[in-house]
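**Student:** Listed below are the residues making up each chain.
There are 2 protein chains.
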Amino acid sequence: MRIAVDAMGGDYAPREIVAGAVQWVQQHGGQIILVGPVEQLNKELANYDYDPAKIELAEASQVIGMDESPALALRKKKDASIVVATKLVKEGRADAVLSCGNTGAQMAAAIFILGRLPGIERPPVVVALPNGQGSHTILIDAGANVDCRPKQLLHFAILGSLYASSVLKIANPRVALINNGQEEGKGNQLTLEAYELIKNHSGLNFTGNIEGRELLSGQADVVVCDGFVGNIILKTIEGLAMFVAQGVSRELGSVPAFFKQLDYTQYGGAPLLGVDGISIVCHGSSRREAVCNGLQVAADCVAKNIVNLQKESLEV
Amino acid sequence: MRIAVDAMGGDYAPREIVAGAVQWVQQHGGQIILVGPVEQLNKELANYDYDPAKIELAEASQVIGMDESPALALRKKKDASIVVATKLVKEGRADAVLSCGNTGAQMAAAIFILGRLPGIERPPVVVALPNGQGSHTILIDAGANVDCRPKQLLHFAILGSLYASSVLKIANPRVALINNGQEEGKGNQLTLEAYELIKNHSGLNFTGNIEGRELLSGQADVVVCDGFVGNIILKTIEGLAMFVAQGVSRELGSVPAFFKQLDYTQYGGAPLLGVDGISIVCHGSSRREAVCNGLQVAADCVAKNIVNLQKESLEV
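Sequence order for the protein chains is A and B. Residue numbers for the first sequence follow the numbering used here, beginning at 93 and rising by one. Residue numbers for the second sequence follow the numbering used here, beginning at 93 and rising by one.
In short, the hints are calculated from the structure, not lab data. These numbers come from a predicted model, not from an experiment. There is no bait here: all hints are sound.
All copies of an identical chain are treated as equivalent in the list; a pair is satisfied when it fits inside any one copy or across any two copies.
Derived SDA-like pairs: lysine to any residue, alpha-carbon spacing no greater than 25 Å straight-line:
| hint | residue 1 | residue 2 |
| --- | --- | --- |
| 1 | Lys169 | Glu275 |
| 2 | Lys261 | Ser309 |
| 3 | Lys403 | Gly207 |
| 4 | Lys352 | Ser341 |
Turn these sequences into a full structure, and let the hints steer you where they fit.
**Tutor:** See below:
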């Protein structure tokens with residue numbers, strides 16, 4: 093197994109990205125291709141002891157910043173690290189690509205270089221949140237597509253459902269639409285129309301609307317939203333968990349172990365679905381531990397062959 | 093002070109609404125007009141000991157359900173409890189109206205009966221969340237308007253800022269736009285356009301975008317969003333707080349006192365801004381304690397004369 097890593101993407105690139113990759117090869121034994129300015133990366137690597145057979149380098153002279161427009165950056169920066177890294181997957185030289193950089197650019201690279209799966213307009217990011225039933229609830233799209241059409245929410249429902257059943261092994265996953273009320277008539281223009289499409293799509297176990305309050309209750313296995321709402325949900329959870337951990341620790345003098353499962357920065361990565369290759373999106377603020385965890389997510393997606401699973405299900 | 097209460101709105105109406113009103117007159121001494129089917133309300137009131145001079149009744153034969161379309165319901169149900177209760181404010185017979193019922197219908201009643209303040213298209217709901225600095229962050233719109241135009245987000249920014257300065261006494265409040273990234277170019281179509289409008293509006297201390305992660309950090313005094321996103325933020329916080337409280341209590345055998353400040357169901361009410369009268373929106377799942385707290389919010393808004401404060405500021 094060989095994973096291409098965009099060494100230049102993220103708030104702490106390249107130092108923490110390189111450190112995370114080294115940690116992963118030491119602990120898990122796979123192979124890495126670090127993508128970026130080779131000279132700079134060699135300097136970083138000089139800080140560590142590792143098996144040089146496990147880490148290759150691939151030259152990329154440009155970087156796409158967090159605040160750049162993805163479409164424009166992709167046109168102008170042909171030698172950007174995320175572009176070169178994604179091409180390694182397309183060419184079969186890597187089994188997956190991982191980046192902590194600009195998510196829009198990573199998604200655009202995946203669409204243009206890897207290609208979309210049949211019938212899918214926009215690839216969503218999927219994350220699995222721990223819930224009150226001791227299992228996981230999938231949030232999809234967790235941040236890739238900020239403006240969506242109703243049909244795209246239907247695609248997210250389909251992809252989320254098949255990810256839940258084939259990767260998480262949840263039988264007949266319950267799919268819900270996040271909305272501002274449980275009742276069928278609730279919603280904004282987007283969710284009202286998406287509701288109808290999802291309800292009428294055969295093969296989905298659609299349970300209707302779900303409110304933010306029930307998101308972590310375990311009432312649904314798959315929760316569908318556009319990427320703008322998904323981003324805000326995920327980051328609000330993160331911020332609240334931090335706020336509560338601080339408040340409780342002031343009161344008790346220590347942080348209960350329970351908070352560990354809420355530390356989403358440690359989750360590592362989330363796969364982009366609906367594209368013909370494995371691309372793992374990581375938090376921009378990932379440090380080495382999170383990068384290493386993200387690489388483990390990538391390895392898991394490769395082992396489970398999530399692209400083939402999606403292809404098989406989409407062809408049914 | 094006299095507050096009109098929609099006794100028929102909410103998941104636990106009329107029992108818990110009536111109980112909350114009785115509790116409030118007993119504890120705080122104001123006057124209440126309970127609006128609904130008088131016969132039914134009298135039966136409920138028979139359960140309590142209270143000063144009959146403090147609680148009047150006003151007949152309303154109809155109720156607007158939680159799942160009804162607000163515009164349609166308002167046209168068809170002229171004698172709905174929320175309509176009758178809002179009219180009492182318009183006619184000067186009550187100083188404020190409070191409802192735990194259909195928020196859209198309450199907002200529509202406020203617009204059509206009380207009227208909008210000059211320059212305001214859509215009235216937002218404002219809530220004050222406790223933050224990590226020990227103060228409060230205002231979330232506006234917290235759920236009234238699910239589809240918004242950029243200009244409406246500007247109005248929310250203006251109303252939120254003046255609420256923070258005049259009611260919460262925060263000098264030069266920092267206003268931020270909730271978004272999927274801090275950088276200026278981030279956002280969906282709505283927030284990208286709203287950013288420009290808010291940035292260019294003189295008199296606002298606009299600090300740019302804020303992410304969900306920083307919502308409770310105290311980095312901003314006023315956080316602006318559309319009501320769909322506001323609803324989901326608020327309810328996600330509520331659900332996560334519940335999830336964490338359960339997890340921590342399983343671990344420790346008790347719930348730390350800190351969680352009390354996160355129990356938004358106990359907050360009571362949130363005022364609708366931008367309308368020419370005081371209308372307090374309460375959680376649909378409010379029980380007596382929350383209704384009583386909501387009435388205290390209403391009393392506070394009356395005492396502070398929030399309508400006049402808004403009028404003065406909007407005329408500047």
